[in-house]
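Basically this note's numbering = 1-based index in the sequence shown + 269.
Hint data in this document are derived by calculation from the structure and do not stem from the laboratory.
Quick reminder that beta carbons are idealized off the backbone N, C-alpha and C, glycines included.
It cannot be assumed that every hint is accurate.
To be verified - FRET-style restraints, in silico, Cβ to Cβ:
#, residue 1, residue 2, range
1, ASP337, GLY433, 34 to 40 angstroms
2, ALA434, ASP301, 32 to 38 angstroms
3, PRO276, GLY389, 22 to 28 angstroms
4, ASP279, GLY436, 20 to 26 angstroms
5, ARG402, PRO286, 43 to 49 angstroms
6, GLN375, ASP279, 28 to 34 angstroms
7, ASP417, GLU372, 32 to 38 angstroms
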Amino acid sequence: MWFRRSPLPDDVRRALPLARGERILTSAELADDRWAVATTADLVVVGPGAQDVVTRRPWCDVDRGVFDPERSELSIEWVDAAPDTLLRLVDPERTPFPQTLRERVQWSVVLSETVAVPGGDVKVAVRRTADGRFFSQAVAGSGVDLDDPRVARVVDATESRVRGASGLPV
Numbered sequence: 270m271w272f273r274r275s276p277l278p279d280d281v282r283r284a285l286p287l288a289r290g291e292r293i294l295t296s297a298e299l300a301d302d303r304w305a306v307a308t309t310a311d312l313v314v315v316g317p318g319a320q321d322v323v324t325r326r327p328w329c330d331v332d333r334g335v336f337d338p339e340r341s342e343l344s345i346e347w348v349d350a351a352p353d354t355l356l357r358l359v360d361p362e363r364t365p366f367p368q369t370l371r372e373r374v375q376w377s378v379v380l381s382e383t384v385a386v387p388g389g390d391v392k393v394a395v396r397r398t399a400d401g402r403f404f405s406q407a408v409a410g411s412g413v414d415l416d417d418p419r420v421a422r423v424v425d426a427t428e429s430r431v432r433g434a435s436g437l438p439v
């Protein structure tokens with residue numbers, strides 16, 4: 270699919286402090302006068318009038334994103350159970366933002382395994398940071414108590430397995 274890209278306004282670009290080597294991949298104008306920007310390192314949302322950065326999170330903090338093309342809405346779920354971020358795109362046909370979000374999140378997941386535990390599921394993953402470091406994380410589904418010793422045993426064993434398979438120390 271070919272996109273007719275809208276240029277990122279200069280004031281929005283200036284509101285984005287980029288780390289050395291970080292670059293902007295794509296952006297999307299949002300219905301509430303904000304801008305969503307995908308960089309090589311982070312998902313960034315710049316507030317109305319480019320006054321401030323309201324959200325800046327690394328890709329490895331994104332659990333998943335769901336795009337609803339009928340509503341032009343992108344809903345982002347975070348690994349730390351922070352409230353979902355809802356982005357309503359002005360014109361989704363003018364930006365590859367949803368696809369870029371998917372690609373960056375997939376790039377950050379090195380290895381993932383979902384395990385059934387009392388109360389639901391836990392996703393155990395080895396993720397990659399923007400600078401290439403690997404780390405492991407466990408994301409519990411609703412209703413799962415990670416402090417339950419039965420759950421902890423399964424999660425610990427799964428984490429050891431995925432860490433070992435990815436070359437991380439166990």
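Verification of the hints:
1. The given range of 34 to 40 angstroms is respected by ASP337 and GLY433, whose C-beta atoms sit roughly 38 angstroms from each other.
2. Hint check: ALA434 to ASP301, Cβ distance near 42 angstroms, so the stated range 32 to 38 angstroms is violated.
3. A hinted range of 22 to 28 angstroms for the beta carbons of PRO276 and GLY389 is inconsistent with their spacing of about 44 angstroms.
4. One distance hint, 20 to 26 angstroms for the beta-carbon pair ASP279 and GLY436, is violated here, with the actual separation near 43 angstroms.
5. Hint check: ARG402 to PRO286, Cβ distance near 21 angstroms, so the stated range 43 to 49 angstroms is violated.
6. Distance hint check: the CB atoms of GLN375 and ASP279 are about 31 angstroms apart, consistent with the given range 28 to 34 angstroms.
7. In this structure the hint that ASP417 and GLU372 lie 32 to 38 angstroms apart at CB holds, the actual value being about 35 angstroms.
Checked against the numbered hints listed earlier, the structure breaks hints 2, 3, 4, 5; every other hint is satisfied.
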